Amino acid sequence: MNKEEKAALYGLLAEFNTPDELVNAAKKTYDAGYRQIDAYSPYPIEEAAEAIGFHKNAVPLITLCAGIMGGLTGFGMQVFMNLYHYPLNIGGRPHYSWPSFIPITFELTVLFAAFTGAISMLVLNGLPMPYHPLFNVERFSRATQDKFFLCIESADPKFDLAETRKFLNALNPSEVFDVEP
Amino acid sequence: MAVAELDKQYTYDEKGEIVVVEPGHTFESVTGAITGVVLTPPEKTPKGWIFGFFIAFSILQLLMVSVAWLIYRGVGIWGINVPIGWGFDIVNFVWWIGIGHAGTLISAILLLFKQQWRTSINRFAEAMTLFAVACAAMFPLLHTGRPWYAAYFLLPQHNTLALWFPQFRSPLMWDVFAVSTYGSVSLLFWYIGLVPDLASIRDRAKNQYVKILTGMFALGWRGSARHWARYETIYTILAGLSTPLVLSVHTIVSFDFAVGIIPGWHSTVFPPYFVAGAVYSGFAMVLTLMIPMRYFYKMEDFITTRHLENMAKITLVTGSIVAYAYLTEIFYAWYSGSEFEWYMMKNRIFGPYRAMYWMLILCNVITPQLLWSQKIRRNVPVLFVIAIIVNIGMWLERYVIVVVSLTRDFLPSSWGMFSGTIWDWGLYIGTIGLFLTLIFLFMRLIPMISVFEVKMLLPQAKLKESHHHE
Chain A
490 MNKEEKAALY GLLAEFNTPD ELVNAAKKTY DAGYRQIDAY SPYPIEEAAE
540 AIGFHKNAVP LITLCAGIMG GLTGFGMQVF MNLYHYPLNI GGRPHYSWPS
590 FIPITFELTV LFAAFTGAIS MLVLNGLPMP YHPLFNVERF SRATQDKFFL
640 CIESADPKFD LAETRKFLNA LNPSEVFDVE P
Chain B
2 MAVAELDKQY TYDEKGEIVV VEPGHTFESV TGAITGVVLT PPEKTPKGWI
52 FGFFIAFSIL QLLMVSVAWL IYRGVGIWGI NVPIGWGFDI VNFVWWIGIG
102 HAGTLISAIL LLFKQQWRTS INRFAEAMTL FAVACAAMFP LLHTGRPWYA
152 AYFLLPQHNT LALWFPQFRS PLMWDVFAVS TYGSVSLLFW YIGLVPDLAS
202 IRDRAKNQYV KILTGMFALG WRGSARHWAR YETIYTILAG LSTPLVLSVH
252 TIVSFDFAVG IIPGWHSTVF PPYFVAGAVY SGFAMVLTLM IPMRYFYKME
302 DFITTRHLEN MAKITLVTGS IVAYAYLTEI FYAWYSGSEF EWYMMKNRIF
352 GPYRAMYWML ILCNVITPQL LWSQKIRRNV PVLFVIAIIV NIGMWLERYV
402 IVVVSLTRDF LPSSWGMFSG TIWDWGLYIG TIGLFLTLIF LFMRLIPMIS
452 VFEVKMLLPQ AKLKESHHHE
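Protein chains in written order, with our numbering: chain A, 490 to 670; chain B, 2 to 471.
Possibly wrong hints are sitting among the right ones.
As the list claims (entries may be wrong) - Cut-off 30 Å, straight-line C-alpha distance, at most; resulting in silico cross-link-like pairs (DSSO-like, lysine-lysine): (1) A:K516 / A:K655; (2) B:K465 / A:K517; (3) B:K465 / A:K545; (4) B:K207 / A:K655; (5) A:K545 / A:K647; (6) B:K314 / A:K516.
No lab work stands behind these hints: they were computed from the structure. Bear in mind the structure is a predicted one, so any value in this text is a computation, not a measurement.
So that you can see chain B by itself, here it is in the shape it has in the complex (with noise of 0.2 Å):
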């Protein structure tokens, strides 16, 4: 494998560690190996991206029809029933918007935390970040059958159905104002980090349109200290604002939960638990595009193995909090004393759900222990399988969450199964096809390393001289 053998060749820093940026860049050559992904003309866009491009954009078509025959035909297409009323609908909700947290934390948190690594990577991840809440905003409205009558219960309005109508104590509705907000907050973050590299390629285009389209959205951007000064603080401040507020998200998705009733559901334990959850397949999205993704446009200099072995970690890390959690969650039902608490938990692992809580915990808990080894971190094609396991065992997660606690509630009368149909797989499978696309188009037309920040890691931007004023 050439990735197997380029990633033997480690480059270590002056404290024992491998690199961040490979040593020999100039900011030219960094400005243009990333720059010049996007500035190829048209004509010589490269093969493997045309291909992918078809395959994402076919899988696109799936959404279109299923979405189609649902406003047609309404959700009885779908697998739904009384008593499982909420389906795939809510456990692809729950899983994209999870994938799209690691994105904020790489670019928030991160930064907060002062990690350089994170530099070369926040940008394709906040782009995730965007796509993944795109496919997850959907399905809550979809859910309502009625798509267009959504505005006049989740938005605070003054109509002439009735006044103010939503009601600001449901969890729902606490949803809608929290993936709205971090929705928005994410992308002007985005796009403030992009308004800098966009004056690059406007400088460095040699087609006018080009320039004049990024032009417009550099904003006039020339690189003053005022400017530098100012946008400085802005970045930190919305990463401080992000910060909070990628936690709230998933708490919120969660409370959606918590706060019913149905044995499964009722535990205080859910906020911290998806929470961490959401990290975990967050970072396993991003280790499944980026390992790819470098490999394809030759981005190893700036993606180094240093920076897929971190993200494994933190895989690692979060994996082990969500194993606790389920450990916690057994503990708690049996500790409850609520024998329909301790039977949905026997339910959950030996009822007839059982192959899919046993999948979760072979996918969630045991494939990533093998992330202990510093040899499987290091291991490029390993680390992608890895992943896609850890991002089918987040599904399964959330599909045990949803459907086996409503299968079994307190009355035996009003138990009953579920089972997808072909227009919920069609559903899901075309958001993964939505998502694709957009990561491509993004790849093609947008810098996907943040250009002026990865400049800034250089050796030689660094001050030689001491310029403090007295």
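Extracted from the complex, chain A is given alone in its bound form (with noise of 0.2 Å):
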């Protein structure tokens, strides 16, 4: 394999017609040791993901802790308010009266728990991104409608154009398309 053919493509994209025919697609490409592989389906199959070797995300540690910020600076921001940057004496209440602060800590943690988790998902995802090589092939807006997809990165150490082309006719797909970068 030469370099000018290899950065002539972004990949390989393997058209198929039901969930189990991706999955099993999926997993024999993992399997034979490719590692720059996506699915593409209409809506989500967690096996898929699964397949191609993806079992762990972020998001959920990311919005545990943005939680747990939003609460200390909810309850944080009214102590410092209320006891040191202005305290006023309302009828001798005392000014330190934390449970009147709970439902604002409240309401501040789910703010950054849900912005921050929201956000995190949207950027380990790469999002927004308007232009894709993907977006390319024609053919590829029927992922989101009724199509699945295989896609082999030309990225892959072990990419091959004559070897990997084989190999996706081999899972037997409906079609399989060059993508220009």
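Hey, can you piece these two chains together into the complex? The hints should help.
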């Protein structure tokens, strides 16, 4: 395999008709040693992510940390304002009346966790991404409708145009496409 | 009636329950049926939609006039006085925010409980939540009379008038945080749910402008397995976060009353009672909107009789909780031994506002008992009428709590009466116009049923072989 060939294509894309075909093909591809692969489906298929070797993601941990940060921010903000920066004596009530700080603390916990979690999902997924080589394949528009796709990217060390094409064809797809970069 | 005839032909699944998606659909037909409404070219917009939108938009003008006159003249144009300082504005606020709760309940709590029937109604219900919260949020701002000053005393900001002015020990402050968090997290949840469907529309659109616009909001979504895995994680987490959030919001709204000392407000039953009432009115509103929508857009394949029946059951359950809370309130008033509490209760039932109270009992307690009958739960037109009656009943409930308690407090010298003026009604009906206008725009511009989630319900979406890694 020469370098120009590798740079010429983003990868090879195989189209399947059913989720079972996709998951089987993804598994075989992973077992054959390919790692720079991805499966595309119109709805989430847990088994497809597992088949391409994607088991864990960082979203829950990030969300938890953000939630804790939000709680501390909410409580800290009220304590800072009411105890240190601008203490107001209202009817002789204690400045540090922590039970009345709980609702706002809770709300900020949820607010921080939800937004950070959702944004982390987008960032980890590399979204927003207005241009992607896969959109060059006209048929790929069916990935959000009713078809299932498997892509082996040319960045994979094992990628070899002729070999990989042969390999994908052996998986029995309805068609294999070249993905222009 | 065409609707009644259609609903006579139920389809049952192998467990003997009515199906959640009618059989015979493919991935393609689902996508086509739902996105087809959005992708209809402007000149082919259904006449019914144009007519409905025109009416809703006309009612919206009432809001514009009422708000303009309010800001010009001040809150004196309303019926509020001393001692009844909270009138229609707070009644409407609590009513609208309650309606919003069904959306979050359907999208979050039922998702966590893996209730598949929620799938084809969650998008619509969430949109309803957002619009209801938008209507609700307007009232606390407007009832200050000077909404442009609200930032000074509602937001924790370091300004030149006073440092950190907000009083964090006040339930009214908690409200600001609760409602704004609720509104923004609901919007986020809704938008994240929309991204894959917007990608579907982007890929189907023939019109270049539609393609660019939906493409922008779809963020380049392409359905990668890695993306889906993270997506599903955050979607479930957001549901888990929204569940306590939705309970907290109406709990805090009830604190607005319960932390006060006025007889009739000072009750520990308020938080769960308000939450149940919110879910009750919310489900009634979902039914009110969804029954005509599924009829006009022929969505009976996705919003089946089973959906309507399940929603009717939840309405019945929450209605019963509300009825129980009414009894509890009477018992508390008597058992507390406080003569003011007991007088308030007698005044509520037999006093000058008794008509409101008995109407409320008729709408909220007696009417929903019809839903015990399966025949009525499956009779769509009757269900529609019951839903509207429940909506009216819940508005009356808030009216009775807010206004009647304020008319009679401890001292006869500070008793008074209240009735809404034309501007009170104008503002209230105006927000209904705003709500309906937004609903009409939503139905036309955004897929009203979650396409990718309905696809997951189709039999061909399930894997036939087991694919577990060793």
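Outcome of the hint check:
1. A:K516 / A:K655: holds, 17 Å
2. B:K465 / A:K517: Satisfied, since the Cα-Cα distance of roughly 17 Å is no more than 30 Å.
3. B:K465 / A:K545: holds, 24 Å
4. B:K207 / A:K655: violated, 35 Å
5. A:K545 / A:K647: holds, 24 Å
6. B:K314 / A:K516: violated, 44 Å
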